[in-house]
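*Asks:* Spelled out, the chains give:
Number of protein chains: 2
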Amino acid sequence: MAIEIERKFLVRGDSWRAQAYRAQPMRQGYLVEPGGRASVRVRVVGEHAHLNIKAAIVGSARAEYEYEIPLADAEPMLASLCIGRVDKVRHYLEHDGRTWEIDVFEGDNAGLVVAEIELEDEEASFTRPAWVGDEVTDDARYYNHALAQTPYTRWP
Amino acid sequence: MAIEIERKFLVRGDSWRAQAYRAQPMRQGYLVEPGGRASVRVRVVGEHAHLNIKAAIVGSARAEYEYEIPLADAEPMLASLCIGRVDKVRHYLEHDGRTWEIDVFEGDNAGLVVAEIELEDEEASFTRPAWVGDEVTDDARYYNHALAQTPYTRWP
Chain U
1 MAIEIERKFL VRGDSWRAQA YRAQPMRQGY LVEPGGRASV RVRVVGEHAH LNIKAAIVGS
61 ARAEYEYEIP LADAEPMLAS LCIGRVDKVR HYLEHDGRTW EIDVFEGDNA GLVVAEIELE
121 DEEASFTRPA WVGDEVTDDA RYYNHALAQT PYTRWP
Chain X
1 MAIEIERKFL VRGDSWRAQA YRAQPMRQGY LVEPGGRASV RVRVVGEHAH LNIKAAIVGS
61 ARAEYEYEIP LADAEPMLAS LCIGRVDKVR HYLEHDGRTW EIDVFEGDNA GLVVAEIELE
121 DEEASFTRPA WVGDEVTDDA RYYNHALAQT PYTRWP
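Taken in sequence, the protein lines are chains U and X.
So in the UniProt record's numbering, spot 107 of the first sequence is number 107, and the numbers just go up one at a time.
So in the UniProt record's numbering, spot 104 of the second sequence is number 104, and the numbers just go up one at a time.
In short, the hints are calculated from the structure, not lab data.
Only a predicted model underlies this, so the values are computations on that prediction, with no experimental measurement involved.
Misleading hints may appear alongside valid ones.
[To be verified] The calculated EDC-like cross-link candidates involving lysine to aspartate or glutamate, where the alpha carbons are at most 20 Å apart (straight line), are:
(1) K8(U) x E75(U)
(2) K54(U) x E75(X)
(3) K54(X) x E66(U)
[What the hints assert, rightly or not] Here are a few chain U residues that sit away from chain X, every Cβ distance over 10 Å (derived from the structure):
(4) L10
(5) R12
(6) D14
(7) R17
(8) R27
(9) P76
(10) R98
(11) G107
(12) L119
(13) V136
(14) Y143
(15) T150
(16) T153
[Claimed, not checked] Label pairs and their computed distance ranges (CB to CB):
(17) A23(U) x D134(X): 55 to 61 Å
(18) E118(U) x S80(X): 44 to 50 Å
(19) V45(U) x A18(X): 51 to 57 Å
Even for Gly, the Cβ is constructed at its ideal location relative to N, Cα and C.
Produce the entire structure from the sequences given, and follow the hints as far as they go.
*Replies:* Here it is as structure tokens:
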């Protein structure tokens with residue numbers, strides 16, 4: 001078990017792209033409706049698949065469990081057991097000694113770009129790059145689990 | 001992935017107990033409400049814990065995935081992430097070359113005793129022991145997932 005502390009921000013413009021050093025397409029789905037006690041996610045990145053279980057608490061610190069599973073299991077789970085789907089490309093960049101992950105969403109969530117930073121504790125300080133916009137850590141609509149059910153392009 | 005074919009029956013009386021050769025206490029909980037596409041179960045048996053994902057199709061044949069996970073992960077999942085809980089003792093016995101599993105439920109499901117047999121295909125024949133009662137394979141109330149939410153002692 002890990003306690004994950006991450007903060008999430010909207011992204012302004014495209015200036016971050018020049019600094020990104022890696023891009024990783026991700027396909028993921030959820031075995032649980034949003035709104036319960038936990039999210040159960042199946043994620044495929046390249047040839048690797050993982051099952052991830054997270055406490056569904058809005059905010060930045062929550063219990064998280066992750067297990068690698070066979071790709072041959074993950075594909076039929078994504079195809080027929082998952083109730084919602086999120087496809088995105090995750091970009092990585094370094095800023096002032098910290099790693100940022102920038103998710104550029106696709107499909108029904110196209111247009112949404114979000115940046116996340118993982119921190120050692122809830123009070124940790126970090127430098128905000130110029131392209132970082134409003135913080136949305138506590139806004140449940142931006143949970144990937146919520147985006148699988150109510151995608152960005154269909155927000156009221 | 002495995003396709004699991006099992007049939008489930010109510011149990012009459014206690015005569016089966018003389019034949020049982022093993023008893024295994026099981027504690028399990030579910031990360032998903034019943035009624036969705038899949039069930040996600042955490043089960044602890046002795047020092048071992050597994051995560052099990054099953055397509056939620058009523059009937060005897062359904063896709064199933066199972067992964068061993070650390071006991072240290074399973075305990076907090078059972079304690080705080082699971083939305084329903086089922087405790088039971090599983091007994092094993094052999095009858096005419098086939099293994100029967102007899103689940104004696106505890107807690108809110110006390111009084112319920114169910115026997116299951118796993119078969120190689122849906123048409124496979126088997127001998128019904130005298131203590132086997134009505135078949136409940138297709139009755140979703142007897143799913144452990146359903147029993148976690150609506151236990152036997154609270155049935156209308």
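*Asks:* All hints are to be evaluated individually against the structure, with a verdict given for each.
*Replies:* Okay, the hints, checked on the actual structure:
1. K8(U) x E75(U): violated, 28 Å
2. K54(U) x E75(X): holds, 14 Å
3. K54(X) x E66(U): It holds: about 18 Å lies between the C-alpha atoms, which stays within 20 Å.
4. L10: Non-interface label stands for L10(U): nearest chain X Cβ at 29 Å, farther than 10 Å.
5. R12: holds, 36 Å
6. D14: Correct as stated: the minimum Cβ-Cβ distance to chain X is 38 Å, above 10 Å.
7. R17: holds, 37 Å
8. R27: The claim holds: R27(U) sits with its nearest Cβ about 17 Å from chain X, beyond 10 Å.
9. P76: It is violated; P76(U) is separated from chain X by about 6 Å at its closest Cβ, not greater than 10 Å.
10. R98: At about 28 Å from chain X, R98(U) clears the 10 Å cut-off, so the statement holds.
11. G107: Correct as stated: the minimum Cβ-Cβ distance to chain X is 20 Å, above 10 Å.
12. L119: Holds, since 22 Å exceeds 10 Å.
13. V136: Its Cβ never comes within 10 Å of chain X, the nearest being 24 Å, so this holds.
14. Y143: For Y143(U), whose nearest Cβ neighbour in chain X is about 16 Å away, the distance exceeds 10 Å, so it holds.
15. T150: holds, 17 Å
16. T153: holds, 24 Å
17. A23(U) x D134(X): 55 to 61 Å: Distance hint for A23(U), D134(X) holds at roughly 58 Å.
18. E118(U) x S80(X): 44 to 50 Å: Once the Cβ atoms are compared, 23 Å apart, the range 44 to 50 Å for S80(X) and E118(U) is violated.
19. V45(U) x A18(X): 51 to 57 Å: holds, 54 Å
When each numbered hint is compared with the structure, violations occur for hints 1, 9 and 18.
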